[in-house]
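**Student:** Order-wise, the sequence lines are chains A and B. Read left to right, the first sequence gives residues 0 to 283 (numbering that gives the first Met the number 0). Read left to right, the second sequence gives residues 0 to 378 (numbering that gives the first Met the number 0).
The hints are simulated quantities; they were obtained by calculation from the structure and are not laboratory data. A hint or two may mislead.
Covered by chain A, per the in silico footprint, the following chain B stretches (three or more residues, Cβ under 8 Å) [to be verified]:
| no. | stretch |
| --- | --- |
| 1 | 54 to 61 |
| 2 | 75 to 83 |
| 3 | 97 to 111 |
| 4 | 127 to 134 |
| 5 | 342 to 352 |
With a cut-off of at most 30 Å between alpha-carbon atoms, the simulated BS3-like pairs for lysine-lysine come out as follows [said to hold, decoys possible]:
| no. | chain 1 | residue 1 | chain 2 | residue 2 |
| --- | --- | --- | --- | --- |
| 6 | B | Lys119 | B | Lys64 |
| 7 | A | Lys93 | B | Lys45 |
| 8 | B | Lys119 | A | Lys147 |
| 9 | B | Lys90 | B | Lys176 |
| 10 | B | Lys157 | B | Lys119 |
| 11 | B | Lys45 | A | Lys173 |
| 12 | B | Lys271 | A | Lys147 |
| 13 | B | Lys45 | A | Lys147 |
| 14 | A | Lys147 | B | Lys64 |
| 15 | A | Lys147 | B | Lys157 |
| 16 | B | Lys157 | B | Lys64 |
These numbers were taken from a predicted model, which means no experiment stands behind them. No residue lacks a Cβ here, since even glycine has one placed at the ideal position from N, Cα and C.
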Amino acid sequence: MRPSGALVGVAPFFVYTTVFLLIPTIVVVVGAFADGSGRPTLDNVAALGGANSSFLPALQHSVVLSLVTALAGAVIGAVLAYAVSTARPDGLLKRFITSLCGVLAQFGGVALAFAFMATFSIQGFLTVWLNSLGLDTGSSIWLYQWDKGLMLVYLYFQIPLMLIVFLPAVEGIKPQWREATETLGGTTWTYWTKVAGPILLPSFIGATLLLFTNAFSAYATAAALISQASPIVPLQIAGTFTSEVILGQENVGKAMALAMVVVVALVMWVYAALDKRASRWLVR
Amino acid sequence: MRSTSIRYAALSVAALAAVGIAACSPPPSSTSTSTTAAGGGVNAAKATSLADFGGMDGLVAAAKKEGALNVIALPPDWANYGEAIKGFTAKYGIPITSDQPDGSSADEISTAQRLKGQSKAPDVFDLGSAVAMANTGMFAPYQVATWKDIPDNAKDPKGVWVYDYAGYMSVGYDSAKVPAPTALADLLKAEYKGKVALNGDPTKAGAAFAGVQMVSIGQGGTAADIAKGVDFFKSLKDAGNFLPLDPNEASVLSGQTPVVIDWAYNNAPLTKKLPTWKTWIPDNAVLAGYYIQAINADAPHPAAARLWQEYLYSDEGQNIWLKGAAFPVRYDAMKAAGKIDAAAQAALPAVNGKVVIPTTADNDAAKAYLAANWTKAVG
């Protein structure tokens, strides 16, 4: 009876992935290659690459935004994670930081966008306060631009997320390894480049790529902050579905979603290749 | 002087609207699956006028029996819809569920399709013309009691859709925060740095689209050739004056959006809440646009939907729109009969200059240019 018992156990998982992953993917792929009346066509995909298409610049913006916030978030988050790992394991500081990051990592979306507006926009309390001191902070328009405000806002949830996912890896480092390195005459530099670095690298790359896809697919934060020109792909896709001016673009939106799937697939492929190389020394 | 130009405009909006609409052939009508017999053996979903209910009392009774009305994408600060919703509930005791108040016309249609057959589906639509004409198969024909007052070219002959109100594109500004603009080019000056907002992204929102057309006309372009309008917004952005925020009542009252390009019926009513808020229709750029009213053929509350239409097209409902600076479709007939709310009329923003009403061809040309150039200009 063992096999059927196992099947019962995984059935909810299969149902879940079918409903939330498989079916949406099929809808996207089929829709991307269908016209308004369901006949197969390549027009939707071709429309993405047209000379006047706003999709390619948006894709470029999305990749740059995700890459910058993933790398900056990963480096800052990793340093913070190391700092936290050196604190006393049951100390107040460590428990406070990890629970705070647990909250902040999920604090994306509309609430975060409004928190930034309430602070930095033209009527934000910081702007008003600085103005009352005689400091002119300018127009606050930077907050609504993808390469300034949006990057800053994304970092606000990227750094805590990195801390949370990277902390277990850092805590896995044993003090004995460092002692062994020093006993054998190694310096701090040799310890980090030859011992701790290679051990942490696969986790670091994995966490960075998680941050990349996290930023790449984020929608609500950007939608609440930016209402003009749809500079990133998720906003472009939303535009094709909700526009009351340019109609019949739904399947072009699905083609854009397909392009996002391709980008994420490429990222995962790169990750698999790097992980294979980086984990040569590790016994799993 | 003001009333004549307004009157002329209201008439010509109706006349030219029909030119654009006649060019579109409606898609085939879908068969309604609703079989609700709401009251007194009347099939409300098939009713095409008050006569089918045996008069107003029959319709009110049938609507009260349904006991609910779902509206969608009606912001309370848009064309005074907040007052209309409250007024309807106060008068008939039927509560209204107002779903997705900030939704677009496209959202109205997609929600109706998604919730088809469910009690939460929208009963009535208020749509931009492009979306309305592409979906006429989803509407139920109905002729309100005041049908004869509506100009023939502002309605479908069977009442599948009816033109509801028109408006002028305007610039709203807070006179306590910025100097009064006298020409559109003033908005490029340093006094307006980071202060000029457009109601939405013109590639998505009809109001913003009309805003770019208006600016284009003011800059020497036309409603079809909007390159000059897009260039203006690019200059506005380069000057650091273009605020890429989606303005609404809250952002205006809090001072986040001191200058807003939007329909006059959205800008003018804000003066009640913010006395320094002024509505200005640029002299050399008078652009008018209209919206369309229709009943969902699969409305979960077919009688209440029809009662809502009767309410909106009654003298009371039409004056509610007028109080919000939207020109109701029965404006001329009501003026002739002396039923127009004089105070509301006196409060309307001044209109000077030639009124432009874009045709479908104008809009199509403008859309093609916008799709290719807007993101590049302001992105």
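**Student:** With reference to the structure, classify each hint as holding or not holding.
**Tutor:** Hints versus structure:
1. 54 to 61: violated (count 0)
2. 75 to 83: violated (count 0)
3. 97 to 111: Since three or more residues must qualify, the claim that chain A covers the stretch 97 to 111 of chain B holds, with 6 doing so at under 8 Å.
4. 127 to 134: Since three or more residues must qualify, the claim that chain A covers the stretch 127 to 134 of chain B holds, with 4 doing so at under 8 Å.
5. 342 to 352: Three-residue rule not met by the stretch 342 to 352 of chain B, so violated; n is 0.
6. Lys119/B <-> Lys64/B: holds, 17 Å
7. Lys93/A <-> Lys45/B: Answer violated: Lys93/A to Lys45/B is near 68 Å, above 30 Å.
8. Lys119/B <-> Lys147/A: violated, 41 Å
9. Lys90/B <-> Lys176/B: Cα-Cα ~40 Å, so violated.
10. Lys157/B <-> Lys119/B: holds, 27 Å
11. Lys45/B <-> Lys173/A: Since the Cα atoms of Lys45/B and Lys173/A sit roughly 77 Å apart, the hinted pair is violated (cutoff 30 Å).
12. Lys271/B <-> Lys147/A: Not satisfied, since the Cα-Cα distance of roughly 37 Å exceeds 30 Å.
13. Lys45/B <-> Lys147/A: violated, 55 Å
14. Lys147/A <-> Lys64/B: At roughly 55 Å apart (the allowed maximum being 30 Å), Lys64/B and Lys147/A break the hint.
15. Lys147/A <-> Lys157/B: violated, 54 Å
16. Lys157/B <-> Lys64/B: holds, 27 Å
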